[in-house]
Structure formats: C-alpha cells, structure tokens
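J.: Sequence:
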Amino acid sequence: MNTRNLTAIPAMAVLMLAAAPLHAGDTLLTNGVIHTVDAENPQAEAMVLDGKTIEFVGSAEEARGYLENGSNIIDLAGQFVMPAPMDSHTHPGLVALIGSKEGGPVLPGESKEALFDFLKKFAKENPDLPFVMLGPWDVRLFAPEGPDRADLDAIFPDTPVLLNDSSGHSVWVNTAMFEMLGVDENTPDLSEDLSYFVRDENGRMTGWVKEFALFPYMVDMMAKAPENMQEQLGFYFDYLISHGVTTIMDAGTFGWGDLVYGSLAKMEKAGKLPLRYEGTYHIYSPEQLEVAVDEVLRLRKEFGGERLTFNTIKIHLDGVNEINTAGVLEDFANEPGNRGGILFSSDELMDLMREMSKHDIHLHMHSVGDRTTRTVLDAVEKLRAENGGKPLPIQITLAHLELVDPTDIARFKDVSVNANFTPHWLGGTIFAGSDVSLGKERMARNQVVRSFFDAGANVTFSSDVVSMPTYERSNPFLGIQMGATRQEAEIGRDAPIFAPESARATVAQMIEGYTLNNAVQMGLDDKLGSLQAGKLADFVILPENLLEMDVYDIHKVVPTAVYMNGELVFDSDTVVK
Numbered sequence: 165m166n167t168r169n170l171t172a173i174p175a176m177a178v179l180m181l182a183a184a185p186l187h188a189g190d191t192l193l194t195n196g197v198i199h200t201v202d203a204e205n206p207q208a209e210a211m212v213l214d215g216k217t218i219e220f221v222g223s224a225e226e227a228r229g230y231l232e233n234g235s236n237i238i239d240l241a242g243q244f245v246m247p248a249p250m251d252s253h254t255h256p257g258l259v260a261l262i263g264s265k266e267g268g269p270v271l272p273g274e275s276k277e278a279l280f281d282f283l284k285k286f287a288k289e290n291p292d293l294p295f296v297m298l299g300p301w302d303v304r305l306f307a308p309e310g311p312d313r314a315d316l317d318a319i320f321p322d323t324p325v326l327l328n329d330s331s332g333h334s335v336w337v338n339t340a341m342f343e344m345l346g347v348d349e350n351t352p353d354l355s356e357d358l359s360y361f362v363r364d365e366n367g368r369m370t371g372w373v374k375e376f377a378l379f380p381y382m383v384d385m386m387a388k389a390p391e392n393m394q395e396q397l398g399f400y401f402d403y404l405i406s407h408g409v410t411t412i413m414d415a416g417t418f419g420w421g422d423l424v425y426g427s428l429a430k431m432e433k434a435g436k437l438p439l440r441y442e443g444t445y446h447i448y449s450p451e452q453l454e455v456a457v458d459e460v461l462r463l464r465k466e467f468g469g470e471r472l473t474f475n476t477i478k479i480h481l482d483g484v485n486e487i488n489t490a491g492v493l494e495d496f497a498n499e500p501g502n503r504g505g506i507l508f509s510s511d512e513l514m515d516l517m518r519e520m521s522k523h524d525i526h527l528h529m530h531s532v533g534d535r536t537t538r539t540v541l542d543a544v545e546k547l548r549a550e551n552g553g554k555p556l557p558i559q560i561t562l563a564h565l566e567l568v569d570p571t572d573i574a575r576f577k578d579v580s581v582n583a584n585f586t587p588h589w590l591g592g593t594i595f596a597g598s599d600v601s602l603g604k605e606r607m608a609r610n611q612v613v614r615s616f617f618d619a620g621a622n623v624t625f626s627s628d629v630v631s632m633p634t635y636e637r638s639n640p641f642l643g644i645q646m647g648a649t650r651q652e653a654e655i656g657r658d659a660p661i662f663a664p665e666s667a668r669a670t671v672a673q674m675i676e677g678y679t680l681n682n683a684v685q686m687g688l689d690d691k692l693g694s695l696q697a698g699k700l701a702d703f704v705i706l707p708e709n710l711l712e713m714d715v716y717d718i719h720k721v722v723p724t725a726v727y728m729n730g731e732l733v734f735d736s737d738t739v740v741k
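Per our numbering, residue 165 is the first one in the sequence shown, and the count goes up by one each step.
FYI, nobody ran anything at the bench for these hints, they're computed from the structure.
Being a predicted model, the structure only gives us computed values, none of them experimental.
Using 20 Å as the maximum straight-line C-alpha spacing, the simulated EDC-like pairs for lysine to aspartate or glutamate come out as follows: (1) 284 <-> 274; (2) 522 <-> 512; (3) 546 <-> 578; (4) 546 <-> 519; (5) 720 <-> 402; (6) 430 <-> 466; (7) 577 <-> 689; (8) 285 <-> 302; (9) 554 <-> 511; (10) 265 <-> 395; (11) 522 <-> 454; (12) 433 <-> 466; (13) 691 <-> 214; (14) 465 <-> 524; (15) 436 <-> 731; (16) 465 <-> 519; (17) 522 <-> 545; (18) 288 <-> 317; (19) 216 <-> 689; (20) 265 <-> 402; (21) 433 <-> 395.
Okay, the calculated beta carbon distance ranges per label pair: (22) 656 <-> 570: 26 to 34 Å; (23) 577 <-> 367: 46 to 54 Å; (24) 207 <-> 461: 36 to 44 Å.
Yeah, the Cβ is synthetic: ideal placement off N, Cα and C, and Gly gets one too.
Using the sequences and the hints, build the whole thing.
T.: Written out as structure tokens, the structure is:
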C-alpha cells in the first residue's frame, strides 16, 4: 500500500467534513483492526493523528468529530495496526564494524579434522594477508579444555590469526597474534573467572581467550571509523525501519563507543539518523565502574541530540554457558568446581545504582547464569528496603536470562526488574553448546519466557545482533513468531521445539514485549509503546492480523506502512528517506 495515494476523500468523507469539527486532527485511519496494547482500550476501529501525536483512538463514529477540512483519511481496508516495535538490546555499532552484507568464509563445525583442513587450505590460498580474522569455530569441538595455539602456529607460523568462537564470547589466537597485540605470558587477566587468558597446568597461555580479556589490546585495530561506517549503519537502519522498528537501544560498543557515537552524531546533524537511538556506556572491565556515570554524562554532552540519547549504562555482568563463564549456582556439568564468574558484587552494584539514580541513568545488564541474576535481584531488593520499599527511580533490566532459579522468577515483579529476552535464540539453533555445560535438567528450563509473563514480570524483547552477516535476525516479526513457537522460523512448523514447550508465549504477549514493555524498560512509556491519545504516533500498518494469521507465517510479514512521529517513513512500494 502506498499511503501517499490514500489522501483522496470519498463522497461519504466529504459529507462528514461539512460539519464543524469538535477537534482538529490532520489524519484519520479507519476501517481496520487497531491493536492498541492499551489494557483499557485494547482494540479500536479508528485513530486520529494531530501532527506528531495521537489525538484519539476509538470508534469510527467518534473519530469523525476530530476531522476538519483538509484532513487526510486513510482507509485501512481491514488491515492490522499496532504500535511500532522497539529493539531494546541490539548492537548497530558492532554490526557496522563487523563483517559485510555478503558475509565471508564460515569455518566448518562437523569435526576438528574438517576445521584444520579448512584452515590449511585458507593459509595456502592467502599467504600475503597481514592478519587473519575468521569464525566461528564450534566450542563443542574443544570443550571444556579449549583449543591450543600450537595447532594454529603449525598452520600460520608467521601470520597473526584470531578465530571467533560460536558463542561470541571467546577467541582462539596464535602466537603471532599475541605478539602483534603486545600480549605475553605476564599480561594480566581482565577479571577473575570471567575475562581471562586460559593457561595450561604449567601456566602457559594456550591461546584460548575467554570473554573480553583481549579487548583492551584490540581497540587500536579499529581506532578510526571505516570509510563505509555511515553507509553500513544506514543500511542496517533502513532494514529496521522497513520492519517497523523506530526506536532501538545499543547494548554496547566495547572500546569503540566514541567511534560509533561520533559517526551517529554526524548522521543526526546531517538528517540521516532515521530512528531513535539510545546509546550506552558499556562496562566489561572492573576498572570502568568508578567512571561509568561520568562517562554517560560526557557522552550526552559530546554526542547527544534529539534522536541520539544517552540514559543507560550496560554491564556485561557475566559470560555464557557455552564456555563456562556464566555465573551459576551449581558447578558446570562438564567442569566440576567451576561456577563461572560475575564482574561485580551485590554491594558494588548497589553503590552504582545509588549514583545512577541521582542522574536518571538506567542500568541494563547481561545476565546469563542463575547466580548472576540472584546477585542483582538481591542488590535491588536491599536498595528498595533502604528506600522504604519504594521502586527505584530508574529502570533495571537483566538481559538473556538463560538460566534462572525458579524461585527467583517471581522476584522480578516484586522488585520491578525488567526481563529481556532474545526471541530468535528460541529455536535452539543459536549458540549450541549450553546442553553440554548445563546438563539435562538445567537445559530443560532454558529461557522460560512464559513463566516470566505468568509471574507478572515486565518482559521485553530484542535482537542482540552483533554483526552484519546476521542483520536479518533483527526482524521483530521473526522474533514474534519464534517466541510463540520456540521453533526455528527458517525451518518452520516441522522444526524441533526448543524445550520446554510450556515456555511458549502467546502472540499477544510477544507484541506487548516488543512494544509497551520495551518502552517501559527504556523509560519511554509516557511517549511510546501503545496507541493512546497524547503519545507519539509511532505505528505500523500490516497486511495481516498477527493475532489471527498462521503463526508460522508471521516472520514473512512486511509492513504496508511505517509511521514515526506521525510521518510516513516506509511503505511497501517506496522507502521514504
């Protein structure tokens, strides 16, 4: 539907306009199904816009009173309208920096032999590269001890090599890469049990580097923005807009924050930032804690604008199950004695949240393990007790929540902590290897989204996309489908169900999580997230009713039109830039 062709007013509308209007609305959407995500007015027939905002949502008859001569009438012809989805945990900066739309070589994962054969062939065919960065290699092939740089040294004796793993949370490097980055046997770990250089029984670095221990030495590799940085960002933003997303939160840029946000600030000044972008100060090292609040204030001053904002600190509080770095209550099944790591204690988090509350800065934390989640819930509970039981004045969010003790799920509502999930992981095809680390019982209660809804938590959804080759996983309609089915959308109804089946959410819950609940998490629910009078007019028009269509086709849905601040920013015929 090209909404610019819907301004013609039929004879009936002309008659309606002859009467004096009760109010002055400039656009009427009518004759559709308007899913408002407003509990007091869940479904409507018509919606009236007044510039950037929504003036009225309700019956078609009442909406007529808001018309005046010159009002634009859009006949929805039975189409489905809902608030524009939001992505409350993604990484556009990393998407722009890592990889290309065309992708690159993919390491084989069926066996060590196949992997080494591939690397030998690659080395022979590319002898003159200054360095090699490839991935992912499957962590399951080497768990739990991990790979050794000696194997890479035999293939690449002189060329620096860095191979990213399948969890996205560790790398495998050779000796030449250590030398290029200035790392030697005396280089300290970044944080105990979390970001560290794996060593053998003799204390020798094996070349397996967990989490972010190598990042401080890699920042200079991307000290300047690539020439196509803004082009890459623009491509990703166009994709998001075309799928209805008008507001996002950047969940971390590691050491490249100024590089990314500097590019975004230039885009906004040039009128090329097409959506709302919440930036964050990203903590992954203990030494960053003391400067975090000041850094957010600096980012606001140096790069902040109308659309590019800074109101959040992101902490990578633990790691992941696949490489045994998540903070868990019980030992990993494949590594007795190891319960992973947590970056900060409950007391340290309490001190940080006290300071953040003074500056209206929200806290967003990566929390995969059950011990990590409990640490945060305990900290928030203690702070609320200090405050007479009142909620904190800032939003606290825990992201991923792969493993949460059942007794802690109800606490999310009790202490007002948001529960953020990544629905496109719920097909069981992403980040394989947790089953080996967790064992059967814990794996059977992985990412139990429905339990959080049932417990009354504010459940939010996002894509957590970190590289250009995976940008299409940012599609919120793919996320809605996979959260409701717990099956890989690319396979369809015959795909295996990612256990437990009881954790499937309803489509209505998935929509709420992508819209109103995300707005709550980002502190924007007074302006966005539902279709209500007084809120900004961010919404999508869809050709099918998500609540009634075949759930296995939801990922194929393409918006007929997308509106932001009451303006058409995308239609299915023409991208409006």
